[in-house]
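Enquirer: The lines below spell out each chain.
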Amino acid sequence: MSIDISQFHDVFFEESFEGLDAMESGLLNLDVGAADIDAINTIFRAAHSIKGGAGTFGFMAVSEFTHVMETMLDETRNGEREVTAELTNLFLESVDVLREMLTAVQQKTDTDDVRIENVRNKLEAMMAGESVAVKAEPVAVEAESVEELKSQGWKIQFTPHAHLLQTGNDPVRMLRELSSLGELSTEINDGKLPPFSDLEPEDSYLSWDLTLLGDIPEKDVVEIFEWVDEDCDLVIEPLAVKRTTQVEENVVELDKPEAPVTATVVEDVTPAELATASEQTDAVVEELGPAMVAAAIDKPAPKAKVASAPAASSIRVGTDKVDSLINLVGELVITQSMLSQIGDNFTPNMLPKLIDGLAQLERNSREMQEAIMRIRMLPISFAFNRFPRLVHDMTDKMGKKVELKLTGEQTELDKTVMEKIGDPLVHLVRNSLDHGLETPEVRLAAGKGETGLLQLKAFHQGGNIVIEIHDDGAGLNEDKILAKAIEKGLVDVNDELSPEKIHDLIFLPGFSTADQVTDVSGRGVGMDVVRKNITSLGGSVEVVSKRGQGSVFTIRLPLTLAIMDGQTIRVANENYIIPLISIIETLEVNSSDIKQVSGKGELYPLRDEYVPIIRMYDVFNLNPEATDLEEGLLVIVEGDGQKVGLFIDDLLGQQQVVIKSLETNYRKVLGVSGATILGDGTVALILDVPGLIALYREPSLALVVNNDRAA
Amino acid sequence: MNEHQVNEALDSITSIDDNSEQYLTFLLGDEEYGVEILRVQEIKGWDQVTSIPNSPHYLCGVLNLRGTIVPIVDLRLRFDMPPKEYTPTTVVVVLKVEGVTNRTVGIVVDGVSDTHNVIPEDIKPTPDFGASVSTAFISGLVTLEDDTMMMILNVDRLLSVEALG
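Sequence lines, in order, name chains H and L.
So for the first sequence, our numbering puts the first residue at 1; every next one is plus one.
So for the second sequence, our numbering puts the first residue at 712; every next one is plus one.
These aren't lab readings, by the way, just hints derived from the structure by calculation.
All values derive from a computational prediction rather than experimental measurement.
We treat Cβ as the ideally placed atom computed from N, Cα and C, and that holds for glycine.
Hints are not guaranteed to be accurate.
[To be verified] Reference listing, derived: stretches of chain H covered by chain L, where coverage requires no fewer than 3 residues with Cβ under 8 Å from a Cβ of chain L:
| id | stretch |
| --- | --- |
| 1 | 620-631 |
| 2 | 657-667 |
| 3 | 679-685 |
[Claimed, not checked] Okay, derived cross-link-like pairs now, DSS-like style, lysine-lysine, Cα gap no bigger than 30 Å in a straight line:
| id | chain 1 | residue 1 | chain 2 | residue 2 |
| --- | --- | --- | --- | --- |
| 4 | L | K835 | H | K660 |
| 5 | H | K546 | L | K755 |
| 6 | H | K668 | L | K795 |
| 7 | L | K755 | H | K668 |
| 8 | L | K807 | H | K420 |
| 9 | H | K484 | H | K397 |
Pulled out of the complex, with its shape left as it was, chain H reads as follows (with noise of 0.2 Å):
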């Protein structure tokens, strides 16, 4: 009898991530030198079993690998080998190397054989007592020795194959990479260059002969076409002692990022078409998805595949919670069956046992609704753990010190934010390590430890999670956001803007006041997208900051999406529910107190401040009810940081609303953030504050939506 394994494969995958996060963890806490016996075992046993199961289900390539892994790690944990610095880094990069292998493998994709053998080789080379330096880099290209050949310079032909762009590397990068090793002239061959009606967007046409001056060794020049070497044509020639022939007309200074293509055929496109050769590059860049790119600027250029995730994801949940969670269930089939018997054959005397029931009833379903969210919490250290790696990886490409501490790991949240929180995080420590950090030599001059310290910290705060992003670098330079802002025709010159007016404006959209675009970031493209993901979470994002001193994000989230209070209420003969969070009072109004705006607007004057009053049958474009402000309630409600007054018929109850999506079978609908399901079946619509403000002061974007329809 034979057995399918396949239906294994899962679990084997599942294991072998783990066991790769394990090592991954593992390796970052190893101490160089002082190796803990213990963290060598743990990852020796998770290559082990990745070796094993790998075995077992056929993918030789990865047991392969991973036995070269194994035995160095074998020799490690005898102590025949000593923890290097060198070593772990290799065992870092072996452990990518892994996953991408087990991703390809998964997913049915192709590997990116080329760096395989490259880190197979590194291994091999270590194994066989030779430093990683003189053998390990890649069998490069048409390289003519091996010895590292000094010149004056190198002369570079480079011709991207068509495909080039597609495999996700970008000649702009790389030929940036190189400007920064020696001083590099370059002149571009367009010859190959189509007419732009059979132009297509994302094959590369261009070649270039490159000069490159400087004393740079040959292995550095390769090593940044490492990843092309089977999609280009590549010579690399020494220099001859011979100085380079003068730049010549055509040549392009490569600080200006322009990507290669349009900038040399721009000038017969009509708009037209440039819109629709834009959209297409918008489209692919939404195709691959913010983690992509994240992802693709993180490795200088791995052989990007449009990964599809797995579709399916699980969590693992602790026994003690299943357990609670059946003992829950055993109690309601016990009340369940108790509420039947006395609805079999009731009598009217029967009734305060029915009513003890029904209590008993709730009760059982509350706890069964907590002990099922808390299956759906996972601790934040899911989020976190990606972190240790990253500061490594990134604290090494800078030249940085930084020490990285992370606290209330065992914090827990909703599953769905979690995952819908990382980018975010991503994004902010990268920012806090590539603008907030300072370099070690700039840290000593400031009078500051040589070591950087960047601190992640979350904790439970009311009914919310906060994570805050400290980093004790320079600080936000509010000269320098004040003068971009102004320039960018963000605020006025005039206005007065105090110190965390002036913070926040770092969050409006395509603000960036890196000086030099990086690798990391400084695109522009960034924190208002992060402030934009956090309050589609409900959630909020701040910064404070001081100069010299460092500065601190704090991120706020609600602890689940599924489940809050509100507060239901009715305009016009339709109950609506308000977030109970957004909600600072009710109150009644006198007509005497309203102050007219422009014969229109109306504020209410609440203590020190002047709050507009929204009609909500105005926005709605219901019958009202009651228009005279006497006749019915103001809640005041704060969305956006601005606080507004909502006019409505009557308050009615409090309760605990689970939330559902519109956007599942219909749209979104502005001024409402989903509905939910009242106890008598029928739907309530939940209030979206901002969005009741948006529309409040653009009335005309409800008919936008209207007229969409028609069209």
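Chain H is fixed; fit chain L onto it per the hints.
Expert: Chain L in isolation, oriented as in the chain H frame:
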């Protein structure tokens, strides 16, 4: 039954399966419309809906269908026919709509009438009425056994996100 007869019977079954498609028909006034039966999720009676602010007039509102929120479209109003009062006998046909994402949308009709097997070749193209009558949501016409005409609705177009607003 000998082998030959069995085969013949089987052939006739498979020929039905191969070619014809089943349609559910319903009435709007005197007009008979059809939708692919595989698109019909369920048929239910009229129930109180919750209206959506600033939505087109033909969108009655949303309904709780066992925990999911389902928008309900009044087909009479959608086709600019005179409105009819909702009674407990008013019927809501809940349809599966395919698009970028698969959605569930209900339509209010006067009544469900029948199911018919239709061979695709029998479906005639919709004549072009120009601007006077919008036929964008009708994918074809079929003459039924009793000489009545059924209009096949293009559910995906009729109930697309854009069409619903």
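Enquirer: Next, verify each hint and record whether it holds.
Expert: Now for the hints, and whether the structure bears them out:
{"no.": "1", "hint": "620-631", "result": "holds (count 3)"}
{"no.": "2", "hint": "657-667", "result": "holds (count 7)"}
{"no.": "3", "hint": "679-685", "result": "holds (count 5)"}
{"no.": "4", "hint": "K835/L - K660/H", "result": "violated (42 Å)"}
{"no.": "5", "hint": "K546/H - K755/L", "result": "violated (63 Å)"}
{"no.": "6", "hint": "K668/H - K795/L", "result": "holds (28 Å)"}
{"no.": "7", "hint": "K755/L - K668/H", "result": "holds (26 Å)"}
{"no.": "8", "hint": "K807/L - K420/H", "result": "holds (29 Å)"}
{"no.": "9", "hint": "K484/H - K397/H", "result": "holds (28 Å)"}
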